[in-house]
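Engineer: The primary structure of each chain is shown beneath.
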Amino acid sequence: MRYTIPEQEIMCAGHKACQGCGATLAMRYALKALGPKTMLTLPACCWSVIDGPFPYSSVGVPLFHTAFETAAAVASGIRAGLDMRGDTETNVVAWAGDGGTFDIGIQALSGTVERNDNVIYVCYDNEAYMNTGVQRSSATPWGAVTSTTPPRHFKQERKKDMMAIMAAHGIPYTASASVAYAEDLIRKVNKAKQIPGSKFLHIIAPCPPGWRSSPEITIQLARLVVQTHMFPLYEIYEGRYYKLSMDPKKKPLTEYLKPQGRFRHLTEEQVAEIDRQVDERYARLKEQAERSKPWFEAKKEKKD
Amino acid sequence: MQKVMMGNHALSWGALLSRAEVIAAYPITPQTEVVELLSNMCADGSLKAEFIKVESEHSAMAASMGASAAGARTFTATSAQGLALMHEVLHWATGARLPIVMGNINRAMAPPWTIWTEQTDSIAQRDTGWIQIYTSSIQEILDSVIQAYKVAEQIYIPAMIVLDSFVLSHTNENCEVPDQDKVDAYLPRFENAYKLDTEKPAAFGGLTGPDWYYELRYKIERDIQKALPLFEETGKEFEEMFGRYYGLIETYKLDDADVVLVTSASIASTARPVIDQMRSEGHKVGLIRIRVFRPFPSELLRKLLSGRKKVLVVDRNISFGMSGAFYAEVKAALYNVKGRPPMWGYIAGLGGRDVPMDVIKGMIEQTMKEDHPTQDIIWIGVKR
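One line per chain: the protein sequences are E and D, in this order.
Each residue of the first sequence is one higher than the one before, counting from 5 in the working numbering.
Each residue of the second sequence is one higher than the one before, counting from 8 in the working numbering.
What you were told as hints is all true, and nothing was included just to trick you.
EDC-like cross-link-like pairs, simulated, lysine to aspartate or glutamate; straight-line CA separation at most 20 angstroms:
#1 D/Lys207 to E/Asp91
#2 E/Lys41 to D/Asp204
#3 D/Lys338 to D/Glu377
#4 D/Lys55 to E/Asp91
Taking CB as the label site, the calculated pair distances span:
#5 E/Arg280 to D/His94: 41 to 47 angstroms
#6 D/Asp383 to E/Tyr60: 45 to 51 angstroms
#7 D/His94 to E/Glu93: 32 to 38 angstroms
#8 D/Ala50 to E/Glu277: 51 to 57 angstroms
Computed far set for chain D versus chain E, every beta-carbon distance over 12 angstroms:
#9 Ala117
#10 Trp120
#11 Gly289
#12 Leu341
#13 Pro349
None of these hints come from the bench; they were simulated from the model.
All residues carry an ideal CB built from backbone N, CA and C; glycine is no exception.
Full structure from sequences and hints, please.
Structural biologist: Okay, structure coming up:
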């Protein structure tokens, strides 16, 4: 097998992440693909702590910490500033958690991608406000317990479909990724680098303290979330053409849910409800991918 | 070049002549003409800038920060509700030490819905660490944009140029448009010494504990204080090149004045003929227009006001539960001075209520009549 992951480490050791942090892996892989000619802007999120306190930093690229709602807008500004000074090469990346993306930052993000500004927006999704102590966000899945959705009143709303919202803006490239599939993640970051306009990457990043899981099974969970169809890996081109990155045979959902304390309270019926939601969504996705096939074939022929 | 233009267009022309490179703005009445003209200037190529048409004022300031951090000269403009929405990011721009220049059209805050002039919107932002320049003519608006960049970029502190809604924003006056090459000589290209740079990667604004935060705040205060002499120096330099001086304050018939009226913005323009009239009636009255409100020119005001018989301050703003802001700050500046004069604080013109000459004259006459002020707020013609 050819080794496809760049050896260069741009992120360094000594960061402030918890043991088994998926968000840290996401950054490490993404930076390997992005390379040193990259600028990051970070809103309030776990990563604003992980990177380290002033004057330290764990990423070997310039980083602008910014207010919670502003990552996308700041990225647009950096891009415009660099372009005006003749630097159209440097990758401008907004790097935000699910709260800063799905909730408080969605307005600025919608603005940036509606203008199709030439930036990469990465949402590392740990499915709640982990940095403030695990409060529910609109990325928290149905059924999960957080500090604001206690077991007797667990999250009753489905996870917001952020990929569909981004696709609805018609941006050139939208992709989901998991820290368990590093090659796939890096391939997608590389693709995002090459496409002009707005790119949105949605990376699932397990959080042991928030998911109430053991640090050593982070990769396992990040793989199971894909294998159980809970978090399918796919790409959307031009906001319309869907492509599944992998189509694994579905594993039983309980394999993913059981090791996580946040789902421990669920009854069999409730697990069945999640299963129903997962199947419904996956079927829709497969249908979209099927319908998109001619477009990809035409694209391939054009290349040939 | 002479050109008749409205106050809003003077902001656009100021940005054009300053060679703003990135503009990020969102429309709001009464600011819209600023961004409309800038859009046209970008479209016809007369201004080589990237205009980011953001989805909110919050993002306007956020995008401005990004552009400035990337090293570009950045401009935006807003008003009232828009400025309030920016509040969080105004603090961020100062903390990040980004010399963004912004125009703010003073409009009263809602509710009730209103679009007429009042300074409470910008006064509410006085603690964000932005330089605040209150203007009183169309020419001054244009010139102030250029001067603001000159000051802001030397000390890495953002600056806000403030103008009255409609009274200045939509009033046309003849304006001298400075030659571009002279402006270029006055205002060199912006070189952000602390810009984002892949050759020198660093994190800006990361978590800072009590062991360093205090020092970073000290440095902001130390540097914004540098704006006080800088306004005088850059004002003189501006006068040498363009024939117009802009400092911290403007005085009118002040030398032998016993009674001094202190105010700002367009009320000061109306006050000048009132001073003339009362002088001709034998009263020793004079005028101070505070132009730069942040940093506050305390020392200068102490020098000019101590020993006067009476001072009255007219505010077109209110800090609820206290008084007008200019009144409170002038009083505070003079508190430790021997021979400080008694001070009267009038609130006038809120929500765009007209402040004509006879109203200003009435306030001066009331001040002359009374021995001591008896209240912190004197309301003028209020329907109770």
